[in-house]
Each structure stands twice: as C-alpha cells, then as structure tokens.
Amino acid sequence: MTATEILREEHRVIERVLRALETAARRVEEGAAVRPGFFLDAAEFIRGFADGCHHRKEEGVLFPAMIASGMPREGGPVGRMLEEHEQGRAYTRAMREAAERWQAGDPSARAAVVGSALGYITLLRQHIAKENDILFVMAGRIVPAARQAEVAADFERVEEEETGHGVHEKYHRLAEALEKEVSP
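Throughout, this note's numbering is defined as the position within the sequence shown, counted from one, plus 5.
No lab work stands behind these hints, which were simulated from the structure alone.
All values derive from a computational prediction rather than experimental measurement.
Any given hint could be a false lead.
Here are the computed lysine-lysine pairs in the BS3-like style, where the Cα-Cα straight-line distance is at most 30 Å [stated by the list, open to error]:
hint : residue 1 : residue 2
1    : K185      : K175
2    : K135      : K185
3    : K135      : K175
The whole structure should be built from the sequences, with the hints applied where relevant.
This is the structure in structure tokens:
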C-alpha cells in the first residue's frame with residue numbers, strides 16, 4: 006500500500022467520526038439529550054488519531070518528502086495544509102474546553118461546543134477533499150518512486166515508535182463507539 010493510500014484510508018475513519026460528531030452537534034442544536042462526554046470522546050479521537058497518528062505522518066514524513074522533491078513549504082499546498090492542521094487543533098481545543106464547562110454544569114457552553122464542532126467538521130471535510138484530490142496526487146507525481154516506498158515505511162515507524170503499538174485499533178474502536186452512540 007502506498008503512503009497516500011494509507012492516508013486516504015485514515016481519512017475514511019476520520020470521516021466516520023465527522024458524521025457522528027455532526028449528528029451529535031445537530032441533536033444538541035435541536036435540544037435533544039446528548040452527553041457532553043460525547044464531545045470529549047470525539048476530541049480525544051481527533052487528538053489521538055486525526056492529529057496524533059494521521060497528521061504526524063503528513064507533517065513528519067510526507068510533507069518533508071514533498072518539500073525535498075521541490076514543493077515549496079510556504080505559499081503552496083503544503084503550507085496551506087499545515088495552516089489548516091493548526092485551525093483544526095484550535096477548533097478541537099475550543100470544543101474540548103466548552104464540553105468540559107458543559108459537563109461541569111454550565112449549560113451555556115452547549116452553543117460553543119456546537120459551534121466548534123461544526124467549524125471543525127466543515128474545515129476537515131474541505132481539508133480531506135483537498136488532500137485526496139490535489140495534494141496526494143501531487144505527491145505521487147513529484148516524490149520519486151523509491152522515496153515513496155521509504156515514506157510508506159516511515160509511516161510504519163511513526164505508528165510504532167511515536168504513537169505505540171495498538172493505537173490505531175484503539176481509535177478505530179472509539180470511532181465505532183461514537184458512531185453507535187448517535188445511530189438511530
């Protein structure tokens with residue numbers, strides 16, 4: 006499996022959580038009962054999987070390979086993706102902080118949870134489309150074939166050394182639990 010195929014597979018898992026998160030946020034908007042912990046669990050998935058596993062591979066392996074192959078870091082697609090990663094982190098922090106306030110008894114924090122969740126969802130859906138349809142295609146063109154194989158191997162190293170054995174499975178189970186919690 007190529008590096009970009011691995012990243013696309015991870016996008017599919019992230020998209021599952023985005024759908025569950027959107028369902029939960031819409032239910033809160035409608036006044037339905039949703040536990041604040043749902044949003045804390047979603048923030049944990051985002052921190053641990055979307056950011057900790059997925060973005061770490063992009064930022065630590067794929068993007069440097071693209072830059073070494075001639076893609077500018079600033080002012081181009083890589084720079085834009087890095088900016089969006091930071092925006093996603095800000096939305097996630099805001100969602101987590103608001104969910105903690107809500108869980109601690111501040112019902113006014115519900116609106117901040119919803120706003121941050123929906124902002125994150127919109128950002129990530131657009132971000133994923135840009136990566137899948139543009140950035141990953143570019144990576145396939147500019148990163149030499151031999152280096153692409155190294156990138157995929159380096160992804161394995163990132164998973165084992167930096168995130169730990171079994172982490173992917175843990176977050177896949179969390180994604181499934183979030184989906185089940187909001188399924189009709």
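Structure-based check of each hint:
1. K185 with K175: holds, 15 Å
2. K135 with K185: holds, 28 Å
3. K135 with K175: holds, 27 Å
Violated hints for the displayed structure: none, as all numbered hints are satisfied.
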